[in-house]
Amino acid sequence: SSITGDESVKKDSAILYSNRSLVLLNMGKVSEALESADSAVENDPSYVKAHWRRGQACNAIGNSADALASFEKALSLEPANKTLKREVEAAKVKKEQEEKLLAAAKEAKEAEAEAEIADPPKVAAPAKKDAVKSTSSTKSSNNDVKEDGDTDLFTKSDHVRGYKIRADGKKTSFFDREISEETKQLIGDIAPKRIDPNKPTEDNAPKPLPVTEGTSAWNKAGTWEERDVSSWAKETLEAALLTSEYVLPEGSPSPGARATVSKVSKLEGHASYATVRGKKRYIYEFAFTLDWVLTLGDDHTKTCHGKVTFPDVDGTVELGDGYDIVDYHVDGSSPAGTGPLLQRFVRDGGLRESIHNKIDDWVRLLRATY
3 SSITGDESVK
13 KDSAILYSNR
23 SLVLLNMGKV
33 SEALESADSA
43 VENDPSYVKA
53 HWRRGQACNA
63 IGNSADALAS
73 FEKALSLEPA
83 NKTLKREVEA
93 AKVKKEQEEK
103 LLAAAKEAKE
113 AEAEAEIADP
123 PKVAAPAKKD
133 AVKSTSSTKS
143 SNNDVKEDGD
153 TDLFTKSDHV
163 RGYKIRADGK
173 KTSFFDREIS
183 EETKQLIGDI
193 APKRIDPNKP
203 TEDNAPKPLP
213 VTEGTSAWNK
223 AGTWEERDVS
233 SWAKETLEAA
243 LLTSEYVLPE
253 GSPSPGARAT
263 VSKVSKLEGH
273 ASYATVRGKK
283 RYIYEFAFTL
293 DWVLTLGDDH
303 TKTCHGKVTF
313 PDVDGTVELG
323 DGYDIVDYHV
333 DGSSPAGTGP
343 LLQRFVRDGG
353 LRESIHNKID
363 DWVRLLRATY
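Numbering (our numbering), first residue to last: 3 to 372.
Hints are all accurate, no fakes.
Here are the simulated lysine-lysine pairs, BS3-like style, with alpha carbons at most 27 Å apart: (1) Lys268 / Lys12; (2) Lys111 / Lys94; (3) Lys31 / Lys97; (4) Lys282 / Lys360; (5) Lys13 / Lys31; (6) Lys75 / Lys96; (7) Lys84 / Lys360; (8) Lys360 / Lys281; (9) Lys31 / Lys75; (10) Lys309 / Lys12; (11) Lys360 / Lys87.
Simulated from the structure, these hints should not be mistaken for laboratory data.
Required output: the full structure, derived from the provided sequences and hints.
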């Protein structure tokens, strides 16, 4: 549903609804995921991930046509997104396959209807009463008649009951499993043997598997091993964010103006990596608020200040796809008339793109370090 309020509230609501849709979809609540995605689109039709989540929900429901339309809308808003391009191509293929199956089913149904018209099914005549009586009167006697080719060990009813002849000529149950001599040799002697307490026995106990790198000594099989690296992650992530900067190029409204991150005022989250059967999985989830400053190119004494929050920096975001922001704020002391400049080079591009790149570089560092 659409949220009443100013545009910033609606944009923030669209992000929340989009995230909620993803969570519901992962929980298998497909209909609710679609409702949340619809609400995200309604609150901010320009939000790429709102249409993306709607396409994923439509795919899960089985509505390939609406899924394709949602993915194409998302791609039109962000044409360079490689993941969305793959989503569109996959949705097109799925839609074509469904259309072919529907067309084939329709043709088969029409052909069946035409065949029935051309050659209607014949209704069998009822059996005569005397014939039925004769059949039932001889039924029991026929059960004991030997069939041609059978051995003397079988009657016709034996086949029905489920008997068979073993290799040694004996009749046995159909479910009796006969083991060949070769199989017996492979199995060996399995007869129970008496244990002599005075005789040492072979050590047949299962040997522990060698400990793989990155696992604890107690985790012999290396099935699951998780290590918390949150302290390292926070320290290195903050250092990476503080190196973010963007210099406005020639031809821009303020050539030479420099936007930087001056402070990481809030950083919350955790990071760890898990070794799962010899393979590593990286688990991280952070939210942080950055203080930024832009020094104007024509007058270095004039500066603009503000804050921006990144609520969802986690492993669900593909490298290169960018990260959502909320609570973008410009300080009231910033020079008048700089709003459009800041929106273009701080909120939507420029410094924001630099921050995205720093986050992606940090993710690569995490994977390379552990």
